[in-house]
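Asks: Sequence:
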Amino acid sequence: MGVVSGCGDAGPPTVNYLVDARFSTYNANSVTGNSDGVLMAFTRVLPGFSFLGSSGQVIPDHDIGTATQVPGPSLTVRYDFNPKAVFSDGHAITCDDLYLSWAAQSGRFGGFAPATTAGYRDIADVACTAGARTATVTFAKGRDYRDWLGLFGAGTLLPSHVVARDAGVPDVVGPLRANNRAALAKIATAWNTGFTLRPGSPVDAARFLSSGPYVIDSLSATGGLVLKRNDKWWGDQAATERVTVWSTSSKPTDLPGGFDVVDIADGSVADRDGRSAADQLKPAQVTLADPRRALGVDEIVLRTSGVFADPAARQAFASCVPRDVLTRQFGRGAQQWNQRFGAPADTLAAAVNGEFGRRYQRADLARARELKGDRPLTVRMAYRGRDARSKAMVAVIADSCKQAGITVSDTASPTTTATDLGRSVDAMLLSSGVSFAATGAFDPTRSSYQLRGGDPLNIGDFRDPAVSDGVDQLAVATNSEDRLRLIRLIENAAWQGVASIPLFATPRQQGFAASMGNVVPSAARSGTGWNMDRWKVSTK
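Everything in the sequence shown is counted per full-length UniProt numbering, starting at 1 for the first residue and increasing by one.
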């Protein structure tokens, strides 16, 4: 365990933090970064104008600056950067970084591959002079994005001067505003691939810059992701000098003997070497998070091509999935959940949960056989490998579907990615349909884009014009009656076309050692690391 062994060494105490994220990239806004859940590790390394608190609520981060709504014919927000704000190389954090974030995630500049365009697509213009410490963001008329406070938050403001350097341009603002296609292609490539992390390779301090209280020190398969205090940080110093973040996707033999803070999906750690999973997590005192405050939901996302191009094939598969059995055996006390973006913690969603998915509450093998007909149907199903609970769930599904003449093949591996869906995988078990790690926020607006046609968050490529229009309306709807009407429209249509199969609140194991202070488990996609810089270690 890091704290005790650290105190016995000459070096500073180190907190060992275990997550189910995978450290594949520094860019939490990319498809891979989002699905791998890298924000769990980097919320206090790359802060923004806001972050998600313990309940997934948006909290302004004034260390970076202020976001102020100003009068105008449509939603207009002025962003003022803290004059002390700098990256770990001393370069000022400016509106260039915000402008790049918008351009990359807006969907209107070719070449970028963001995880979603939610909210950013509604911005009509960003007034930014290269190098300035302020920017004004104007939304399109009628597109007052409800969750605007969550935009440009933690993880979104990558160092634009690093991207500009890679692209060979003085700054990113000029070429983007001029729509210089040659430069734009280089900028997009740098944003997409320039922040790839490779365990075991030296971490380039000039590339993987920090704008928060922690900075990357090293990354290796056997040593984890080591974060240390950022000596260029202008805010309150991190309470603990070093945090080592470990991933359950690592080989079990590469993990240390215990952990001080834990935030993982149940089943992420399997019994090994004669030790139970619970024993391996000690000294952290781990418990299951309350499913009633969950923001993530276990969900089977289906491709809408190949074997599932015909909606009847998706309906047949959904009819043989024993959702009630899966909930009882693996939900750890959660109720069966019937929605894709409305989570149990959302009181509005909880109030209408029973209205949806009634036809698919339990397996209907006769209906599955009828819908399948004479055609052979083999479903390649995946999840993040080394997950004992997911493996067992797929086995239960395979046994049930076999009785309807549908073959389910477990194709999971430790290298499975969300982009495998539609290529080598037909169905994928994810949390909230988008990630292998922690997911969700108190406001479900962003999550709803998993059903919008053409949005990258819609990894199964489900297309329904009425659903897409409903998602667009929901993003700007503030009246609860309007939201309820739209939720019903979207969910009923998604069940009709079987875009995915929601199951139950993702059971998460969270906890910390008695020697740790100020650790506050989170229900959101940022994970318990949302206030990592406030964690305190008792040396008694």
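Do not take every clue at face value.
[As the list claims (entries may be wrong)] Derived SDA-like pairs: lysine to any residue, alpha-carbon spacing no greater than 25 Å straight-line:
{"#": "1", "residue 1": "Lys-402", "residue 2": "Pro-465"}
{"#": "2", "residue 1": "Lys-536", "residue 2": "Asn-518"}
{"#": "3", "residue 1": "Lys-228", "residue 2": "Pro-256"}
{"#": "4", "residue 1": "Lys-186", "residue 2": "Gly-168"}
{"#": "5", "residue 1": "Lys-391", "residue 2": "Val-352"}
{"#": "6", "residue 1": "Lys-84", "residue 2": "Gln-237"}
{"#": "7", "residue 1": "Lys-402", "residue 2": "Ala-309"}
{"#": "8", "residue 1": "Lys-391", "residue 2": "Val-325"}
{"#": "9", "residue 1": "Lys-186", "residue 2": "Gly-110"}
{"#": "10", "residue 1": "Lys-251", "residue 2": "Gln-237"}
{"#": "11", "residue 1": "Lys-402", "residue 2": "Pro-322"}
{"#": "12", "residue 1": "Lys-536", "residue 2": "Ser-106"}
{"#": "13", "residue 1": "Lys-186", "residue 2": "Ala-205"}
{"#": "14", "residue 1": "Lys-391", "residue 2": "Gln-403"}
{"#": "15", "residue 1": "Lys-391", "residue 2": "Gly-373"}
{"#": "16", "residue 1": "Lys-232", "residue 2": "Val-203"}
{"#": "17", "residue 1": "Lys-84", "residue 2": "His-62"}
{"#": "18", "residue 1": "Lys-84", "residue 2": "Ser-106"}
{"#": "19", "residue 1": "Lys-141", "residue 2": "Arg-485"}
{"#": "20", "residue 1": "Lys-251", "residue 2": "Arg-380"}
{"#": "21", "residue 1": "Lys-536", "residue 2": "Gln-237"}
{"#": "22", "residue 1": "Lys-232", "residue 2": "Asp-89"}
{"#": "23", "residue 1": "Lys-141", "residue 2": "Gly-168"}
{"#": "24", "residue 1": "Lys-141", "residue 2": "Leu-197"}
{"#": "25", "residue 1": "Lys-186", "residue 2": "Ser-220"}
{"#": "26", "residue 1": "Lys-391", "residue 2": "Asp-254"}
{"#": "27", "residue 1": "Lys-536", "residue 2": "Pro-521"}
{"#": "28", "residue 1": "Lys-391", "residue 2": "Phe-330"}
{"#": "29", "residue 1": "Lys-391", "residue 2": "Asp-290"}
{"#": "30", "residue 1": "Lys-228", "residue 2": "Arg-483"}
{"#": "31", "residue 1": "Lys-391", "residue 2": "Ala-270"}
{"#": "32", "residue 1": "Lys-186", "residue 2": "Arg-165"}
{"#": "33", "residue 1": "Lys-232", "residue 2": "Arg-272"}
{"#": "34", "residue 1": "Lys-536", "residue 2": "Pro-60"}
{"#": "35", "residue 1": "Lys-232", "residue 2": "Arg-133"}
Hints are computed from structural coordinates only; laboratory data are not their basis.
Asks: Can you confirm whether the C-alpha distance between Lys-391 and Ala-270 stays at or below 25 Å?
Replies: 11 Å, holds
Asks: Going straight from one Cα to the other, do Lys-536 and Asn-518 come out at no more than 25 Å?
Replies: With Cα atoms ~6 Å apart, Lys-536 and Asn-518 stay inside 25 Å; holds.
Asks: For a C-alpha distance cap of 25 Å, please report whether Lys-228 and Pro-256 respect it.
Replies: 19 Å, holds
Asks: What's the verdict on Lys-84 and Ser-106, does the C-alpha distance respect the 25 Å limit or exceed it?
Replies: 28 Å, violated
Asks: Under the criterion that the straight-line Cα-Cα distance not exceed 25 Å, is the pair Lys-391, Asp-254 satisfied?
Replies: At roughly 21 Å apart (the allowed maximum being 25 Å), Asp-254 and Lys-391 satisfy the hint.
Asks: Given the proposed pairing of Lys-391 with Asp-290, does the C-alpha separation stay at or below 25 Å?
Replies: Holds. Lys-391 to Asp-290 sits at ~23 Å (cutoff 25 Å).
Asks: Verify the proposed pairing of Lys-536 with Pro-521, using a straight-line Cα cut of 25 Å.
Replies: With a Cα-Cα distance of about 14 Å, the restraint between Lys-536 and Pro-521 holds, given a limit of 25 Å.
Asks: For the pair we were handed, Lys-536 and Gln-237, check the Cα-Cα distance against 25 Å.
Replies: 12 Å, holds
Asks: Given the proposed pairing of Lys-84 with Gln-237, does the C-alpha separation stay at or below 25 Å?
Replies: 14 Å, holds
Asks: Holds or violated: Lys-84 and His-62, Cα atoms, limit 25 Å.
Replies: 11 Å, holds
Asks: Given the proposed pairing of Lys-536 with Pro-60, does the C-alpha separation stay at or below 25 Å?
Replies: 23 Å, holds
Asks: Do the alpha carbons of Lys-391 and Phe-330 lie within 25 Å of each other, as the hint requires?
Replies: 11 Å, holds
Hints 1, 5, 10, 12, 15, 18, 23, 24, 25, 30, 33 from the earlier list are contradicted by this structure; the remaining hints agree with it.
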